[in-house]
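Work out the full structure, taking the sequences as your base and the hints as a guide.
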Amino acid sequence: MINAKKLLSRLYFCCLVAMVLSNASEAQGLGTHQRPNIVFILVDDFGWNDVGYNGSTFYETPRMDGLSKEWMRFDNCYTPSPMCSPTRVSILTGKNPARHGVTQWLMGSDTAYVREGEMPRVYCPGPKSQGIQDSECTVGETFRDVGYETAFYGKWHMGPFKTTGGPKRHGFDSQLAVIEANGCSMFHPFGNHNYFPDSMPGDNFTDLLTDAAIDFVTRKRDTPFYLHLCHFAMHDPIKSKNNLRTRFEAKLSGLPKLEVDRELDRYGHSPQKLRQDDPDYAGELKTLDENIGRLVDSLITAGMYDNTIIILTGDNGGRSSFFKPHPTSMRPLRTGKTFLFEGGVRTPLLIHWPGHSLAGLRSDVPVTSMDFYPTLLEMAGVPLMPTQHVDGVSLVPLLRGETISRNTLYWHFPHYQGEGAYPASAIRKGDYKLIVNYHHDDSLLFNVVNDPNETNNLATAMPGKTKALKKQLMAYLDETGAHIPQTLTK
Numbered sequence: 001m002i003n004a005k006k007l008l009s010r011l012y013f014c015c016l017v018a019m020v021l022s023n024a025s026e027a028q029g030l031g032t033h034q035r036p037n038i039v040f041i042l043v044d045d046f047g048w049n050d051v052g053y054n055g056s057t058f059y060e061t062p063r064m065d066g067l068s069k070e071w072m073r074f075d076n077c078y079t080p081s082p083m084c085s086p087t088r089v090s091i092l093t094g095k096n097p098a099r100h101g102v103t104q105w106l107m108g109s110d111t112a113y114v115r116e117g118e119m120p121r122v123y124c125p126g127p128k129s130q131g132i133q134d135s136e137c138t139v140g141e142t143f144r145d146v147g148y149e150t151a152f153y154g155k156w157h158m159g160p161f162k163t164t165g166g167p168k169r170h171g172f173d174s175q176l177a178v179i180e181a182n183g184c185s186m187f188h189p190f191g192n193h194n195y196f197p198d199s200m201p202g203d204n205f206t207d208l209l210t211d212a213a214i215d216f217v218t219r220k221r222d223t224p225f226y227l228h229l230c231h232f233a234m235h236d237p238i239k240s241k242n243n244l245r246t247r248f249e250a251k252l253s254g255l256p257k258l259e260v261d262r263e264l265d266r267y268g269h270s271p272q273k274l275r276q277d278d279p280d281y282a283g284e285l286k287t288l289d290e291n292i293g294r295l296v297d298s299l300i301t302a303g304m305y306d307n308t309i310i311i312l313t314g315d316n317g318g319r320s321s322f323f324k325p326h327p328t329s330m331r332p333l334r335t336g337k338t339f340l341f342e343g344g345v346r347t348p349l350l351i352h353w354p355g356h357s358l359a360g361l362r363s364d365v366p367v368t369s370m371d372f373y374p375t376l377l378e379m380a381g382v383p384l385m386p387t388q389h390v391d392g393v394s395l396v397p398l399l400r401g402e403t404i405s406r407n408t409l410y411w412h413f414p415h416y417q418g419e420g421a422y423p424a425s426a427i428r429k430g431d432y433k434l435i436v437n438y439h440h441d442d443s444l445l446f447n448v449v450n451d452p453n454e455t456n457n458l459a460t461a462m463p464g465k466t467k468a469l470k471k472q473l474m475a476y477l478d479e480t481g482a483h484i485p486q487t488l489t490k
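Everything in the sequence shown is counted per the UniProt record's numbering, starting at 1 for the first residue and increasing by one.
There may be inaccurate statements among the hints.
To be verified - DSBU-like, lysine-lysine: derived pairs with alpha carbons at most 30 Å apart:
| id | residue 1 | residue 2 |
| --- | --- | --- |
| 1 | K257 | K239 |
| 2 | K324 | K257 |
| 3 | K257 | K69 |
| 4 | K429 | K467 |
| 5 | K162 | K324 |
| 6 | K471 | K128 |
| 7 | K251 | K69 |
| 8 | K257 | K220 |
| 9 | K324 | K239 |
| 10 | K257 | K241 |
| 11 | K470 | K128 |
| 12 | K128 | K168 |
| 13 | K429 | K471 |
| 14 | K251 | K241 |
| 15 | K168 | K220 |
No wet-lab data here; the hints were simulated from the structure.
So this is what it looks like as structure tokens:
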């Protein structure tokens, strides 16, 4: 149930926004149906260099590569977590995981994954919050309250349906193929779930999810829509269509043999893949790329493309460890999913804002997933909610070729994780990024502009900056009420 205080607050906000938008519409001669539609596309475990336009040569993503020239491209998009659930909650709430409390996958675990023969040195329990809270006013609720038809399709993983209620309790009028956590496969039958009852053996989940999305966005209606489309690809289990696997197996046969295909990072306990060369991963990614293209084409054919905002991004870096089969590689970025190195928290970001954003413009300004909430509100002419999306800023100035004032980002991932990471927190301020490693009891400082691969630790050479950044990071974690790992007694 939604508490009375939240309901009254939402009703007040709805009335206020409706009045503002009504006045604006009258002044401009616009009706509700003429406000921009919104499609938000979220890809799971989507590594920054899993796309051709960021340097991948083994994978083939021609549709996204083409969109990177037509839409605005952000080269330093950071997720607020190197893992799925925290980022997903941050997108809907505009808050950092340290603040909303979902700092790990859900349901989460306090399992201490370490190297063989090693003992954990700190303890942090599972995530402080076990799901998105009813007290949050999500981006879905906000758009629904101002007259949008809202829908959530695909992976949820923001807390069990039993306790969170799923999408319909958090602002979405309809939902389809909603995956509670990580139980899905790419081909029929889709695990133990009856997502598409008319599907047949061999049907692909990404294909069917896109079919449903196309049906939704091209449906005749008198109101604008907001579709939150969350692909299960590229999460484990990875599996390709047979014809595409054959295609990439042939491509692999033309690559030089590697004597060693993995490497153990000094700050990890599971080895990382050194090269993108997995045919199944490449084939599944190609299918995803084709379906993103199909969705865009459907909007063009329906005559809706020029009135539809589209955001395409990921929930964390690519899974590059051998913790599960078919990893990708984030090289030359360091490590991947679950790590606070660049490979774990950088993801592609493309934005289409017809009539406003500059086609082909690239931005190297650091941005984050919490920014999407205020950005979409400002794009649609809806008043901002600064007390809700407190950790995000609108990217509208960047989309217009201007600047934003924020220069600091924070991360908090205080967990030992199977994919290889040890508990850590981090801050990026300007060109510098500091990672505080709780298990190793040390700090790493990098100039990520000059050294995006994070090979040159400057902590010893720049003790003053290291100390100042750590102090600022810890003050932020204290202010947000974050759980800090505690040293275990021997």
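Hint by hint, here is what the structure shows:
Of the supplied pair hints, the one linking K257 and K239 holds, its CA atoms being roughly 23 Å apart against a limit of 30 Å. Proposed proximity of K324 and K257 is supported: the alpha carbons are some 22 Å apart, at most 30 Å. Only pairs whose Cα atoms come within 30 Å are accepted, and K257 paired with K69 is rejected, the gap being roughly 34 Å. Taking the CA atoms of K429 and K467, the gap is about 13 Å. The hint holds against a cut of 30 Å.
Of the supplied pair hints, the one linking K162 and K324 holds, its CA atoms being roughly 28 Å apart against a limit of 30 Å. The suggested pairing of K471 with K128 holds, with an alpha-carbon distance near 23 Å, which does not exceed 30 Å. This hinted pair checks out: K251 and K69 have alpha carbons roughly 26 Å apart, not beyond 30 Å. Taking the CA atoms of K257 and K220, the gap is about 54 Å. The hint is violated against a cut of 30 Å.
Using a Cα cut-off of 30 Å, the hinted pair K324 and K239 holds, with the two alpha carbons roughly 13 Å apart. For the suggested pair K257 and K241, the alpha carbons sit about 25 Å apart, so the restraint of at most 30 Å is met. As the CA atoms of K470 and K128 are separated by approximately 22 Å, the hinted pair is consistent with the 30 Å bound. Proposed proximity of K128 and K168 is supported: the alpha carbons are some 23 Å apart, at most 30 Å.
With a C-alpha separation of about 13 Å, the suggested pairing of K429 with K471 holds against the 30 Å cut-off. For a cut-off of 30 Å, the pair hint linking K251 to K241 stands: about 15 Å separates their Cα positions. With a CA separation close to 22 Å, the supplied pair K168 and K220 stays within the 30 Å bound.
Violated hints, in rising order: 3 and 8; the structure is consistent with all others.
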